[in-house]
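> Residues per chain, in single letters:
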Amino acid sequence: MNRDSLKWLLVSTLKGISQVILIENAISGFIILAAITIASVSLGVVTLLSAVIGTLIGKIGGASAESVNQGLYGYNSVLTGMALSLFLSGDDRFLIALVGAAIASVFTAAMAHFMRKSQSEIPVLTFPFIVLTWFLLLTTYRLVSFKISPNLTPQSLSNWTLNIKGETDWLDGAVNGIGQIFFLDNNFSGVLLFIAVFWAGWRLGVYAIVGNAAALLTSYGLGGEHHLIFMGLYGYNAILTIIAVAIVFKETARYPLLTGIIAACLTVPITGSVVTWLLPYGLPALTMPFVLCTWVFLAARKIMPRI
Amino acid sequence: MNRDSLKWLLVSTLKGISQVILIENAISGFIILAAITIASVSLGVVTLLSAVIGTLIGKIGGASAESVNQGLYGYNSVLTGMALSLFLSGDDRFLIALVGAAIASVFTAAMAHFMRKSQSEIPVLTFPFIVLTWFLLLTTYRLVSFKISPNLTPQSLSNWTLNIKGETDWLDGAVNGIGQIFFLDNNFSGVLLFIAVFWAGWRLGVYAIVGNAAALLTSYGLGGEHHLIFMGLYGYNAILTIIAVAIVFKETARYPLLTGIIAACLTVPITGSVVTWLLPYGLPALTMPFVLCTWVFLAARKIMPRI
Amino acid sequence: MNRDSLKWLLVSTLKGISQVILIENAISGFIILAAITIASVSLGVVTLLSAVIGTLIGKIGGASAESVNQGLYGYNSVLTGMALSLFLSGDDRFLIALVGAAIASVFTAAMAHFMRKSQSEIPVLTFPFIVLTWFLLLTTYRLVSFKISPNLTPQSLSNWTLNIKGETDWLDGAVNGIGQIFFLDNNFSGVLLFIAVFWAGWRLGVYAIVGNAAALLTSYGLGGEHHLIFMGLYGYNAILTIIAVAIVFKETARYPLLTGIIAACLTVPITGSVVTWLLPYGLPALTMPFVLCTWVFLAARKIMPRI
Chain A
31 MNRDSLKWLL VSTLKGISQV ILIENAISGF IILAAITIAS VSLGVVTLLS AVIGTLIGKI
91 GGASAESVNQ GLYGYNSVLT GMALSLFLSG DDRFLIALVG AAIASVFTAA MAHFMRKSQS
151 EIPVLTFPFI VLTWFLLLTT YRLVSFKISP NLTPQSLSNW TLNIKGETDW LDGAVNGIGQ
211 IFFLDNNFSG VLLFIAVFWA GWRLGVYAIV GNAAALLTSY GLGGEHHLIF MGLYGYNAIL
271 TIIAVAIVFK ETARYPLLTG IIAACLTVPI TGSVVTWLLP YGLPALTMPF VLCTWVFLAA
331 RKIMPRI
Chain B
31 MNRDSLKWLL VSTLKGISQV ILIENAISGF IILAAITIAS VSLGVVTLLS AVIGTLIGKI
91 GGASAESVNQ GLYGYNSVLT GMALSLFLSG DDRFLIALVG AAIASVFTAA MAHFMRKSQS
151 EIPVLTFPFI VLTWFLLLTT YRLVSFKISP NLTPQSLSNW TLNIKGETDW LDGAVNGIGQ
211 IFFLDNNFSG VLLFIAVFWA GWRLGVYAIV GNAAALLTSY GLGGEHHLIF MGLYGYNAIL
271 TIIAVAIVFK ETARYPLLTG IIAACLTVPI TGSVVTWLLP YGLPALTMPF VLCTWVFLAA
331 RKIMPRI
Chain C
31 MNRDSLKWLL VSTLKGISQV ILIENAISGF IILAAITIAS VSLGVVTLLS AVIGTLIGKI
91 GGASAESVNQ GLYGYNSVLT GMALSLFLSG DDRFLIALVG AAIASVFTAA MAHFMRKSQS
151 EIPVLTFPFI VLTWFLLLTT YRLVSFKISP NLTPQSLSNW TLNIKGETDW LDGAVNGIGQ
211 IFFLDNNFSG VLLFIAVFWA GWRLGVYAIV GNAAALLTSY GLGGEHHLIF MGLYGYNAIL
271 TIIAVAIVFK ETARYPLLTG IIAACLTVPI TGSVVTWLLP YGLPALTMPF VLCTWVFLAA
331 RKIMPRI
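Protein chains in written order, with the numbering used here: chain A, 31 to 337; chain B, 31 to 337; chain C, 31 to 337.
Derived from the structure by calculation, the hints contain no laboratory data. A virtual CB, placed ideally from N, CA and C, is assigned to each residue, including glycine. It is possible that part of the hints are untrue.
Taking lysine-lysine and the DSSO-like style, the derived pairs with C-alpha atoms no more than 27 Å apart in a straight line are [stated by the list, open to error]:
{"hint": "1", "chain 1": "A", "residue 1": "K37", "chain 2": "A", "residue 2": "K89"}
{"hint": "2", "chain 1": "C", "residue 1": "K177", "chain 2": "B", "residue 2": "K332"}
{"hint": "3", "chain 1": "B", "residue 1": "K332", "chain 2": "C", "residue 2": "K332"}
Residues from chain B that face chain C, not an exhaustive set, calculated with beta carbons under 10 Å [to be verified]:
{"hint": "4", "residue": "L296"}
{"hint": "5", "residue": "T301"}
{"hint": "6", "residue": "V305"}
{"hint": "7", "residue": "F327"}
The task is simple: from the sequences and hints, build the whole structure.
If you want it as structure tokens, here you go:
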């Protein structure tokens with residue numbers, strides 16, 4: 031492997047990491063990697079290796095050079111590797127996480143094919159990561175070498191009672207939303223992630239703050255659990271959604287910021303329902319609310335070009 | 031707003047109400063609105079406002095004038111508004127219902143995009159209403175301002191026992207099926223709804239009666255719960271299905287009535303399974319059996335043109 | 031009906047039976063029918079009648095002669111008829127099985143339409159059989175004339191404990207995998223099924239053995255339940271997957287056997303998760319793991335042509 035190949039791999043890998051928040055920027059990717067590594071060195075290593083694996087599979091498999099270079103085969107692998115290493119327990123979890131990262135890359139290609147051929151012009155987003163992670167977490171109930179983290183407990187909906195009490199900490203809420211995109215609830219990492227986003231463009235950073243604020247207010251106003259709100263669990267989907275709807279795929283929209291804020295607010299009830307839907311299986315919602323709300327608004331925009 | 035705009039809005043709105051039963055006819059829409067208002071004035075107001083909201087969002091969003099004028103952005107909003115105001119409780123439910131009606135219109139456009147671009151030539155039907163309503167009802171378990179009606183109770187399938195006993199009342203069964211399309215079980219409203227359908231065309235009315243009869247006999251013959259059968263809960267999907275399969279989208283079919291009756295009968299077991307599938311979540315089946323059976327027959331007809 | 035029609039019907043029907051394992055060969059179909067009939071005469075009759083019904087509906091409905099002759103409207107009917115007659119109990123189950131076989135043919139056409147029009151060039155596989163069978167099994171909780179087999183019991187995931195102990199019988203494992211494709215766990219039938227596959231091509235037979243071995247080792251290595259492993263319940267999806275990925279739809283692949291083995295191994299964790307997902311409903315996984323893994327690899331291959 032010569033120097034050029036190494037450089038190419040490094041840049042594509044870092045772009046893969048930044049694509050998790052819909053950004054194609056190697057420096058942002060590097061700052062994100064630093065934010066993750068500061069929170070946990072082993073998580074940082076998993077992130078880097080997952081991005082490398084995803085990118086290499088795209089390259090070796092023969093995907094178009096452009097898409098591989100943009101990091102489009104990296105971000106689902108990054109998220110899958112991180113999620114599996116966090117939501118599984120036991121010694122095998124790092125190996126499973128890296129195999130999962132490899133499969134995520136193949137699954138991303140599969141979804142891209144379905145989306146491309148149907149001419150929907152709708153991006154795959156993080157759908158492959160979400161579905162693959164759910165599947166591999168459910169496997170724990172049948173194969174002993176997959177051990178689920180004790181935090182994920184299936185529960186019958188008929189036994190569920192909602193208790194929203196808990197401290198309100200708006201400062202935590204302000205930085206934890208962006209952290210949760212990468213499964214982090216460390217304030218310093220949250221600040222670093224904002225720097226990564228601002229580096230890629232001031233508008234991205236401002237919109238991320240607006241989206242997070244919209245979700246905080248909506249979830250607080252509608253009466254969500256304070257504990258979850260201020261850990262950022264209602265915010266991360268809103269941040270991704272406003273960036274997707276109001277900036278990255280804004281196209282013909284007349285008032286993209288307004289539509290983006292509405293879409294960000296909508297992620298709050300949708301998060302509530304995805305979490306409820308998954309309760310009997312004890313699975314985390316991941317970024318499904320972001321994917322659903324973004325797909326609805328992007329597809330609707332093809333028919334209603336002004337929204 | 032001038033007089034022409036008002037007239038346009040009124041006609042499109044009423045057509046939106048009639049599109050719930052696949053009819054584009056403002057007078058029928060008006061009779062349906064009357065049937066609903068007689069059963070409950072507040073429900074009538076929700077219906078009208080939801081149809082107006084859906085239609086206006088289609089217009090403002092820039093959807094094609096033709097589709098907006100046909101009421102195609104109204105019917106999912108009507109159903110979503112009605113369902114949310116009925117299946118939620120508490121004071122906020124009317125506000126939530128109208129916001130839901132607005133989202134339903136956007137979601138309808140999104141689905142229309144996926145269907146159009148995939149060139150499937152398959153209509154969206156009431157899929158957006160169903161999925162959106164399910165999502166917003168599940169939200170009640172996580173956000174206190176969404177309060178679910180006490181009638182909707184999640185239940186574990188392992189604790190379920192089937193008891194089909196109950197009175198048989200064929201007269202109730204004859205009119206309640208069409209009523210349930212609009213969540214009504216009032217006989218007089220049922221008769222008015224039949225008048226609305228016959229107004230749009232005698233064939234529509236006759237087929238609705240045939241579809242309902244097919245479902246009554248099938249569900250009784252296969253041993254469904256009498257209570258549900260005669261409340262019309264096995265009939266409303268059959269009525270919509272026969273109208274869709276045998277009249278509205280009949281195309282190349284050689285024996286459309288026969289295929290329509292078969293499809294109507296099939297909605298009975300499919301209703302049974304959708305209800306079972308939703309039992310752990312306590313959600314209503316809504317018109318999902320109609321959507322599934324109609325999609326299968328309409329799509330199959332593209333490959334098997336004679337059915 | 032003249033002699034030519036009868037011969038056509040016989041050949042298309044037998045091809046329909048062989049299409050269950052992605053083979054178009056009337057002799058193989060005949061051997062498979064024999065393997066089933068040896069295990070159970072009534073099951074053999076259901077198999078034959080279901081294949082006839084599916085094929086005739088394709089013909090009468092006006093599907094393209096080529097697809098009907100290849101048996102493409104038979105295999106989903108065969109599997110649906112067999113599954114319903116095995117997983118239901120009571121006297122009506124044979125009638126329900128044959129009606130189910132008829133609907134399966136229509137559903138296959140519907141899915142083929144969606145796949146064709148979206149230009150995905152991805153085959154329908156056994157998806158219609160799986161979904162239809164699940165739906166009709168769930169119906170048993172609502173209609174008394176549908177009686178579910180006592181083996182299928184819904185169970186809450188929170189009460190589930192995994193116990194992998196049990197005898198290891200590698201010989202049983204070697205032949206039961208292929209048997210389970212047709213719901214058989216009879217060694218002699220398993221051997222006959224291998225003969226049917228080898229008759230259609232030695233490569234098909236060898237790959238089936240390789241795929242089964244890969245699944246046995248993977249499921250044993252990852253710690254699956256021995257009882258299920260050696261009954262072939264982790265093997266049958268792997269066999270179908272390796273045949274689909276490495277032979278039937280191999281196209282541009284550079285190392286089809288390697289990719290096929292990876293896909294076959296992947297069916298093991300996916301089987302674990304599909305089974306877990308269905309646990310609250312007491313439904314069997316059927317060939318869903320095969321369909322999911324094959325779709326992912328075939329669709330990914332359109333974007334990554336070398337895999």
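> Does each hint fit the structure? Answer for all of them.
Taking the hints in turn, this is what the structure says about them:
1. A:K37 - A:K89: holds, 14 Å
2. C:K177 - B:K332: violated, 34 Å
3. B:K332 - C:K332: Given pair B:K332, C:K332 holds - Cα atoms ~26 Å apart, limit 27 Å.
4. L296: holds, 7 Å
5. T301: Check passed: Cβ of B:T301 comes within 8 Å of chain C, closer than 10 Å.
6. V305: holds, 6 Å
7. F327: holds, 7 Å
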